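My numbering puts the first residue of the sequence shown at 235, with every later residue one more than the last.
Calculated from the structure, these hints are not laboratory results. Among these hints, one or two may not hold up.
[Unchecked claim] What follows is a list of derived Cβ distance ranges for each label pair:
#: 1; residue 1: Ala355; residue 2: Tyr312; range: 46 to 54 Å
#: 2; residue 1: Ser358; residue 2: Leu287; range: 25 to 33 Å
#: 3; residue 1: Val350; residue 2: Arg439; range: 33 to 41 Å
#: 4; residue 1: Phe361; residue 2: Leu423; range: 48 to 56 Å
#: 5; residue 1: Pro373; residue 2: Val317; range: 19 to 27 Å
#: 6; residue 1: Phe361; residue 2: Met316; range: 44 to 52 Å
#: 7; residue 1: Ser419; residue 2: Pro286; range: 30 to 38 Å
#: 8; residue 1: Lys447; residue 2: Val245; range: 44 to 52 Å
#: 9; residue 1: Phe267; residue 2: Pro381; range: 13 to 21 Å
[Unchecked claim] Calculated lysine to aspartate or glutamate pairs in the DMTMM-like style (CA-CA distance at most 25 Å, straight line):
#: 10; residue 1: Lys392; residue 2: Glu354
#: 11; residue 1: Lys377; residue 2: Asp349
#: 12; residue 1: Lys242; residue 2: Glu296
#: 13; residue 1: Lys392; residue 2: Asp349
#: 14; residue 1: Lys242; residue 2: Glu252
#: 15; residue 1: Lys392; residue 2: Glu296
#: 16; residue 1: Lys392; residue 2: Asp411
#: 17; residue 1: Lys392; residue 2: Glu253
#: 18; residue 1: Lys242; residue 2: Glu253
#: 19; residue 1: Lys283; residue 2: Glu296
#: 20; residue 1: Lys377; residue 2: Glu339
#: 21; residue 1: Lys447; residue 2: Glu339
#: 22; residue 1: Lys418; residue 2: Glu253
#: 23; residue 1: Lys242; residue 2: Glu354
#: 24; residue 1: Lys288; residue 2: Glu339
#: 25; residue 1: Lys283; residue 2: Glu339
#: 26; residue 1: Lys418; residue 2: Glu393
#: 27; residue 1: Lys447; residue 2: Asp349
#: 28; residue 1: Lys392; residue 2: Glu252
#: 29; residue 1: Lys377; residue 2: Asp411
The structure displayed is predicted, hence computed values, not measured ones. The beta carbon of each residue, even a glycine, is placed where N, CA and C say it ideally should be.
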Amino acid sequence: MIIQTIGKLIVRYHSFFEEGIVNTLIIAAFTVFFGTIFGTLMSSMRMSKILPLKWLAVAYIEFIRGTPLMVQLMFIFYGLPMVGFTLPDISWIAMSINSCAYVAEIIRSGVQAVDVGQMEAARSVGFSHSQAMRLVVLPQAIKNILPALGNEFVTVIKESSIVSVIGLADLMFRTNDVIALTFKSLACLAIAALCYFAMTFTGGRLIALAERK
Numbered sequence: 235m236i237i238q239t240i241g242k243l244i245v246r247y248h249s250f251f252e253e254g255i256v257n258t259l260i261i262a263a264f265t266v267f268f269g270t271i272f273g274t275l276m277s278s279m280r281m282s283k284i285l286p287l288k289w290l291a292v293a294y295i296e297f298i299r300g301t302p303l304m305v306q307l308m309f310i311f312y313g314l315p316m317v318g319f320t321l322p323d324i325s326w327i328a329m330s331i332n333s334c335a336y337v338a339e340i341i342r343s344g345v346q347a348v349d350v351g352q353m354e355a356a357r358s359v360g361f362s363h364s365q366a367m368r369l370v371v372l373p374q375a376i377k378n379i380l381p382a383l384g385n386e387f388v389t390v391i392k393e394s395s396i397v398s399v400i401g402l403a404d405l406m407f408r409t410n411d412v413i414a415l416t417f418k419s420l421a422c423l424a425i426a427a428l429c430y431f432a433m434t435f436t437g438g439r440l441i442a443l444a445e446r447k
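Take these sequences, add in the hints, and give me the full structure.
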């Protein structure tokens, strides 16, 4: 019975779920992209020998990792406009700010897992610190970083459901729309769960393929 209901809902309301999936993937893609860029910068600050930069990075990472994403999202969505500051797209900006802290620690752990002798060898043949980091250390660190970054991408896809609370039309928001129209909560949630699983499973397999390459 439940399978028949799910099939009917997919046939009739597939456009709702398709829109939600597309928006969820867009939010996740922007989050991972900018989270990786700023996470790399934050990781560099975290490992810097310039103490003010290091302290700033540590404070940022610890604060973001120590507070719920929901609170951060609400603060940016409701708090910033109260002081006259608004952002064009709250969802991926808020999630990128959150993801940045986790990516920074992933990159830092990956870099520190590379033998110290690699940096020393690169410096001994005339590389500057930045050249040694970019050409010698980071390429070796990627194999340590990639699996954890893949897990972060999967986590972001699942956590993106939280943006539904501020009215963004992600998969969870569109699922609630279908529930409001049909009053079939269990079947609609089952469809949403299958959609999330399909996205995370596919993302995980792509990351695994990249690891092998």
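Of the numbered hints stated earlier in the document, which are not met by this structure? Hints 5, 7, 8, 10, 12, 13, 23, 29 not satisfied by this model.
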